[in-house]
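Participant: Chains as they are written, first to last, in numbering that gives the first Met the number 0: chain A, 0 to 380; chain B, 0 to 380.
Just so you know, the hints here were simulated from the structure itself, not pulled from any lab data.
Fair warning: this is a prediction, and the values are worked out from it, not measured in the lab.
Check the hints yourself; a few may be wrong.
The list cannot tell twin chains apart, which means a pair is met if one copy fits it or any two copies do.
[What the hints assert, rightly or not] With a Cα cut of at most 25 Å, we get these calculated DSS-like pairs of lysine-lysine: (1) Lys82 <-> Lys55; (2) Lys42 <-> Lys123; (3) Lys20 <-> Lys317; (4) Lys27 <-> Lys127; (5) Lys81 <-> Lys68; (6) Lys127 <-> Lys20; (7) Lys55 <-> Lys123; (8) Lys156 <-> Lys15; (9) Lys317 <-> Lys68.
2 protein chains.
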Amino acid sequence: MQNFNFVNPTRIVFGKGNVPKIGAEAAKAGRKALLVYGGGSIKKNGVYAAVTAALKQNGVDFVEHPGVKPNPVLSHVREGIKKALADGCDLIVAAGGGSVIDESKAIAAGAKYSGDVWDFFCGKAGIKEALPLFTVLTLPATGSEMNSGCVVTNEEKAQKYSAHGAALFPRVSVLDPETTLTLPRAQVANGAVDALAHLIESYFTTADRDVAVTDEIVHALARSVIASTRRILKDPADYAARASMMWTATLALNGLASCGYGGTSFPNHAIEHSLSALYDIAHGAGLAVVMPAWFKWHLRKAGPERLEKFGAAVFGTKDAGAAIAAFESFFREAGAPVRLSEAGIPAADIPRVAENALGLMQMWGMSYTRAEVEEVLKLAA
Amino acid sequence: MQNFNFVNPTRIVFGKGNVPKIGAEAAKAGRKALLVYGGGSIKKNGVYAAVTAALKQNGVDFVEHPGVKPNPVLSHVREGIKKALADGCDLIVAAGGGSVIDESKAIAAGAKYSGDVWDFFCGKAGIKEALPLFTVLTLPATGSEMNSGCVVTNEEKAQKYSAHGAALFPRVSVLDPETTLTLPRAQVANGAVDALAHLIESYFTTADRDVAVTDEIVHALARSVIASTRRILKDPADYAARASMMWTATLALNGLASCGYGGTSFPNHAIEHSLSALYDIAHGAGLAVVMPAWFKWHLRKAGPERLEKFGAAVFGTKDAGAAIAAFESFFREAGAPVRLSEAGIPAADIPRVAENALGLMQMWGMSYTRAEVEEVLKLAA
Chain A
0 MQNFNFVNPT RIVFGKGNVP KIGAEAAKAG RKALLVYGGG SIKKNGVYAA
50 VTAALKQNGV DFVEHPGVKP NPVLSHVREG IKKALADGCD LIVAAGGGSV
100 IDESKAIAAG AKYSGDVWDF FCGKAGIKEA LPLFTVLTLP ATGSEMNSGC
150 VVTNEEKAQK YSAHGAALFP RVSVLDPETT LTLPRAQVAN GAVDALAHLI
200 ESYFTTADRD VAVTDEIVHA LARSVIASTR RILKDPADYA ARASMMWTAT
250 LALNGLASCG YGGTSFPNHA IEHSLSALYD IAHGAGLAVV MPAWFKWHLR
300 KAGPERLEKF GAAVFGTKDA GAAIAAFESF FREAGAPVRL SEAGIPAADI
350 PRVAENALGL MQMWGMSYTR AEVEEVLKLA A
Chain B
0 MQNFNFVNPT RIVFGKGNVP KIGAEAAKAG RKALLVYGGG SIKKNGVYAA
50 VTAALKQNGV DFVEHPGVKP NPVLSHVREG IKKALADGCD LIVAAGGGSV
100 IDESKAIAAG AKYSGDVWDF FCGKAGIKEA LPLFTVLTLP ATGSEMNSGC
150 VVTNEEKAQK YSAHGAALFP RVSVLDPETT LTLPRAQVAN GAVDALAHLI
200 ESYFTTADRD VAVTDEIVHA LARSVIASTR RILKDPADYA ARASMMWTAT
250 LALNGLASCG YGGTSFPNHA IEHSLSALYD IAHGAGLAVV MPAWFKWHLR
300 KAGPERLEKF GAAVFGTKDA GAAIAAFESF FREAGAPVRL SEAGIPAADI
350 PRVAENALGL MQMWGMSYTR AEVEEVLKLA A
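Let's have the full structure, built from the sequences with the hints guiding it.
Facilitator: The structure is reproduced here in structure tokens:
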């Protein structure tokens with residue numbers, strides 16, 4: 000078990016009927032909010048009405064910043080920063096999924112920085128402060144509601160990069176599973192794949208394989224993702240399954256699932272970020288394509304040990320190959336693509352994707368060669 | 000899954016060689032510390048030397064408050080409060096196990112309160128503020144290093160009661176597993192029993208039995224306690240097992256293992272508190288006596304469902320009776336007593352213990368009758 004630091008100050012308000020609580024919480028931090036949201040699903044499911052009413056009732060004025068894309072883009076982040084500054088916003092309220100929260104984090108940091116916000120993503124500057132952030136989560140997937148990272152795509156450069164900083168932890172996140180009851184099936188699948196992806200990266204790349212407690216936690220959360228997703232696919236109105244999935248996805252990337260692992264990296268995410276930077280593909284769908292291929296590559300490179308352990312604990316499989324097959328089978332069952340072709344990405348583009356991924360891998364301190372990334376992608380063809 | 004709030008602001012600094020980091024952390028909060036510790040084991044294992052050197056190096060003056068008992072007593076808490084006030088302490092550094100941290104919390108709250116500190120324990124007052132607390136943990140067991148509760152015994156009244164308040168969360172807790180390498184075997188056993196006890200209370204008393212993610216986490220942490228303890232008993236120098244146990248015990252009572260359960264209570268703790276309020280018995284040893292008996296009572300009262308589920312996931316057992324036997328067998332294996340007689344408590348005292356327990360149960364909102372508590376205790380005879 001390697002040395003680690005753990006702290007996570009985000010307050011979680013979890014459960015049905017809790018969306019209006021965001022108003023009183025936000026009022027503790029300021030008087031004028033930038034209200035960030037996406038394509039308008041929150042107007043259909045009642046979240047917009049509940050959040051705006053709660054802000055008004057608690058004396059928090061707000062200006063709206065709608066239109067966040069599923070993979071949030073830098074130009075829209077910059078618009079949000081301008082709006083927050085022009086309107087004198089002293090806090091941000093994000094209502095939506097991980098993309099909305101990620102964009103909100105970028106705006107929160109950018110509004111407190113004199114330079115260009117992309118500096119935080121390309122490694123030119125560190126985040127020292129940010130506007131206080133409050134979130135109402137409507138899609139269990141990214142974990143952004145309880146961590147200090149965010150991912151934004153620079154459309155001009157076709158770079159989907161991340162930024163991190165303790166100032167980005169949301170002050171309060173409201174997680175009401177009822178807001179997820181109407182999610183389209185594809186988003187259920189993508190969320191499940193994303194949560195699993197967060198669980199496997201550190202587990203499979205750790206240089207220390209004697210971290211019993213964190214292995215147990217990763218297995219536990221992975222089992223919960225899979226069991227909850229199966230229940231949701233069977234009965235979308237299953238509140239307890241929705242709730243279990245929502246809290247599991249949060250815990251999958253709040254720091255808990257990597258404590259004590261050392262020398263870890265996020266290769267599946269790096270490769271997937273290239274897919275969704277270059278193509279119109281959901282993050283979860285891209286991960287479902289990359290992961291089985293990366294596992295096959297990992298098996299050749301690092302041997303069967305981790306796959307055997309994970310597979311036995313999570314899928315009840317007996318060897319590494321069966322574990323990979325079980326992942327793939329679960330992704331298919333959920334309705335996610337598991338090959339580049341199924342996601343509409345031609346094999347001929349592999350060199351271009353690899354080139355793009357290498358830039359991010361370098362940023363994230365990974366030592367993959369171009370040949371290695373292409374090898375992974377060919378296994379996804 | 001029931002609605003819940005979760006927040007835990009304590010920063011954990013985990014791993015070998017980290018004890019000196021307490022100095023710089025403490026220096027962020029004040030200039031004069033009350034240094035609280037117990038019977039002097041920290042002088043043998045190097046923790047005292049490391050902590051005092053680190054405080055000096057970081058310009059934090061300190062006054063010592065040694066002599067905390069294994070079940071910390073109110074009179075010593077009051078002495079600590081007087082000392083902290085007389086010497087103008089603006090922070091507290093606790094170095095030791097859960098008893099030292101619990102007493103430090105009581106002192107921290109008492110030093111900021113004009114009335115008597117026992118008011119917080121008997122329900123007469125709520126904790127509004129406290130001196131900032133920094134801990135160096137040397138015994139994995141109680142979880143006090145990352146929660147907002149504390150337990151103190153009022154010797155005059157023979158009441159072992161608890162107090163809670165957000166102000167009691169330690170600011171920073173340093174967990175260095177190397178400080179546990181020299182723990183006596185009995186303390187290893189008591190710590191393991193205590194951590195398991197924290198995991199089972201909410202799991203077995205929840206009114207909501209469809210909380211899949213938290214069930215998974217409880218199973219995961221329980222497996223980790225048992226596996227780590229077995230490794231430690233076999234090889235006390237096994238660092239990875241010590242580390243896994245230390246982090247597991249922290250997670251077992253930091254709020255994570257009860258999220259989403261509703262209507263829970265701590266009956267095993269209430270009964271055990273009476274044992275250690277009335278007799279000279281370690282908390283873990285008392286719990287090892289109470290738990291098998293309470294499980295037998297619970298099986299009669301609530302049926303086999305939870306025992307079957309927990310047993311299958313943690314012990315690989317097939318029915319409720321086998322699960323209880325597996326608990327008992329693990330406690331025996333660790334060297335803990337599992338009957339009142341083995342702990343030196345005569346069966347004739349059962350009415351007296353039950354009487355004492357009922358007081359705390361009432362405080363904690365449990366509706367056990369005297370006959371029920373006696374029934375549990377008779378099963379421990």
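Participant: Hint by hint, say whether it matches the structure.
Facilitator: Right, here's what the structure says about each hint:
no.	hint	in the structure
1	Lys82 <-> Lys55	within (20 Å within a copy, 49 Å between copies)
2	Lys42 <-> Lys123	neither (38 Å within a copy, 47 Å between copies)
3	Lys20 <-> Lys317	neither (47 Å within a copy, 44 Å between copies)
4	Lys27 <-> Lys127	both (21 Å within a copy, 18 Å between copies)
5	Lys81 <-> Lys68	within (18 Å within a copy, 59 Å between copies)
6	Lys127 <-> Lys20	between (28 Å within a copy, 22 Å between copies)
7	Lys55 <-> Lys123	neither (39 Å within a copy, 37 Å between copies)
8	Lys156 <-> Lys15	neither (41 Å within a copy, 43 Å between copies)
9	Lys317 <-> Lys68	neither (41 Å within a copy, 50 Å between copies)
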